[in-house]
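Chemist: For reference, each letter of the sequence shown is one residue, going 787 to 1098 in the numbering used here.
Calculated directly from the structure, the hints in this document are not laboratory data.
Every residue, glycine too, gets a C-beta built ideally from N, C-alpha and C.
Careful, some of the hints might be misleading.
Said to hold, decoys possible - Across the chosen pairs, the derived CB separations fall in these ranges:
#1 G1029 / D916: 26 to 32 angstroms
#2 G915 / E954: 18 to 24 angstroms
#3 P863 / R1089: 16 to 22 angstroms
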Amino acid sequence: MFSKGVMQFRKAIAGAALLAVLCPQAAYAHPVRGELYDGAAPGSETWSEARVVLEDGERRAVYNTTQPVYELHLPRPERASGAGVVMLPGGGLRMLGTGGDLHDEVDALVAEGVAVMVLEYRTLQMAPGDIERSRAPRPGNAPPPKFPKMEIRQGNANPSPDDPVLAEVLRLATLDARTALQLMHDKAAEWNLDPDRIGAMGTSAGGGVAFGALLADAPVEEKPDYLISIYGPSLQDIHSPAGDAPPLFLVTEADHGPVTDGLIDAFRIWKDAGHKAELHVYEVPNFSMTVDLWGARLFDWMRERGILDPGN
């Protein structure tokens, strides 16, 4: 049953991709790029490192984001479902990975009628030498990296909880996510969005930023209506809200150390409070999961939760 669903999903994505190539206007409108803030982003006015973009094949890494920007991918009006999502790339709060896998996820969501705002949020300031050292390849005979064991408390899997610089970067990145959610609410009528179906989707550290927006003491327009995390645990203590709470869709690998443990704990906290949550743990190599693996179930989940029309 699952294999058949995955095959159907892959065929649907392949069809959508071919349609986009043959007739770009058929599936979705051209993306719109814009700055998240009018003027300097609050809190990083004194940051001075130049933004750096490095590409290697389908991989793309962005360093030193000081002025957040977004890229909006809207389905064509006749295909729009009304659902929207702020997509938060991963990179350990030190960079943003915006390469091929992310593009595949955007295409899959837009093919289902979901508007996607890819957010380039603020990251750690890194000098050119620090960037070069961070990109040094591992020796060819090196064993796979092992993640240190961490004690997970209240779903918090932050590997550097006492680092004040990274804590400030997380605060600003979370502010960026909240501002992007607010923007999608403000533009809901213009962008064919239902303001009650605007969520956040994060990969790796981007998942931690999504949890930050979810847990923030902030207006409802700055918080996601649902949260999708792809191996991205919370980077702060999780305290389940009273009453209704956004549903969670959590995906990780079995051997991703504190990431896996943190998401398992987040799932437990949410379920113990009586909230909706779904967790998938795959026995696959770390960082190998693509939308082909979990996408079919994600879209079924979105229909079951009323985020997408069950009839589509």
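Chemist: So, for every hint listed, does it hold in this structure?
Modeler: Status of the hints after comparison with the structure:
1. For G1029 and D916, the Cβ-Cβ distance of about 44 angstroms falls outside the hinted range of 26 to 32 angstroms, so the restraint is violated.
2. In this structure the hint that G915 and E954 lie 18 to 24 angstroms apart at CB holds, the actual value being about 22 angstroms.
3. The beta-carbon spacing between P863 and R1089, approximately 21 angstroms, falls within the hinted interval of 16 to 22 angstroms.
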